[in-house]
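K.L.:
Residues per chain are reported as follows:
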Amino acid sequence: NAGVTQTPKFRVLKTGQSMTLLCAQDMNHEYMYWYRQDPGMGLRLIHYSVGEGTTAKGEVPDGYNVSRLKKQNFLLGLESAAPSQTSVYFCASSRLLAPSYNEQFFGPGTRLTVL
Amino acid sequence: RKEVEQDPGPFNVPEGATVAFNCTYSNSASQSFFWYRQDCRKEPKLLMSVYSSGNEDGRFTAQLNRASQYISLLIRDSKLSDSATYLCVVSMNNNAGNMLTFGGGTRLMVKP
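Keeping their order, the protein sequence lines are chains G and C. Using the numbering used here, read the first sequence as starting at 1 and increasing by one per residue. Using the numbering used here, read the second sequence as starting at 1 and increasing by one per residue.
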C-alpha cells in the first residue's frame, strides 16, 4: 500500500514550457487535491476533485489545469510555466464520509523551479 | 488578513521543555480544527484533531476556544524528534470537497 505517490519529485522548466504532474493514490479515496506551498504562505489549494470525472477550482487556480479520468489519478498541468509557479506542489486525497471531516493524506511533493 | 494565522517562529527550546503554539482563524463558520506536522522537505501529516472539550495525545494537548477563534497546541517534555513545523488547519464540514485552510506554520527547534 503506497498511499499517495507523485511524479516527478523534481523538475526544472524554462518559462513557457509545459508539464504535467501526476498524482496517484491506492486507497480508493473519492476526494483528491492539488496544493502549492510557498515560504511563509502555508499550503494553498489549486484545484480539487470530488470524484472521477469532476474537478473544481480552489484558491489559486490560474495558470493550472487538472483532470481526473480515473479515480486513482489526478493530473496537474502547467500549459505555459512562469517563474511565479516555482513552488513545492503537494497532492492529497481523502475519503468521502459526510458530514464529518476526513484526514487528508499527502504525497511526498514535487519541487518545481521555473527559470 | 490571512484566514489562519500563526507565529512563524522559530521556537528554540531545550529538550524537556514545555512549549505552546497558538493559532487564530477568521471564519467563524469553521467547524473542524487540526494540527498537522511537517518535517523539513517532507509532506504534512495529521498530528491531531482539536475538539471543543480539548484533547490530549501523550505529550501533546490541543485546545479550542470558539468564542475567541483561537486554537492552541501544547507539547510537554520536548524531544529532539519534535523538531518540525506545526501547521494549524481549519475546515468547514459543510463545504463541498472537504477542503482545508492551512496556516503558514510554526517552526519548532528542540536543542540538546
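Treat the hints with care, as some may be off.
[Stated by the list, open to error] So these bits of chain G aren't anywhere near chain C, every CB distance computed over 10 Å:
no., residue
1, Met-41
2, Leu-43
3, Arg-44
4, Pro-61
5, Leu-69
6, Lys-70
7, Lys-71
8, Ser-94
[Stated by the list, open to error] Short, incomplete list of chain C residues facing chain G, as computed with Cβ under 10 Å:
no., residue
9, Phe-11
10, Glu-15
11, Ala-20
12, Gln-38
13, Asn-65
14, Arg-66
15, Lys-79
16, Met-99
17, Phe-102
Simulated from the structure, these hints should not be mistaken for lab results. The structure displayed is predicted, hence computed values, not measured ones. All C-beta atoms, glycine included, are put in the ideal place defined by N, C-alpha and C.
K.L.:
Hints first: check each against the structure and report whether it holds.
P.N.:
A quick look at each hint next to the structure:
no., hint, in the structure
1, Met-41, "6 Å, violated"
2, Leu-43, "4 Å, violated"
3, Arg-44, "8 Å, violated"
4, Pro-61, "13 Å, holds"
5, Leu-69, "18 Å, holds"
6, Lys-70, "18 Å, holds"
7, Lys-71, "15 Å, holds"
8, Ser-94, "5 Å, violated"
9, Phe-11, "16 Å, violated"
10, Glu-15, "27 Å, violated"
11, Ala-20, "20 Å, violated"
12, Gln-38, "9 Å, holds"
13, Asn-65, "19 Å, violated"
14, Arg-66, "16 Å, violated"
15, Lys-79, "23 Å, violated"
16, Met-99, "6 Å, holds"
17, Phe-102, "4 Å, holds"
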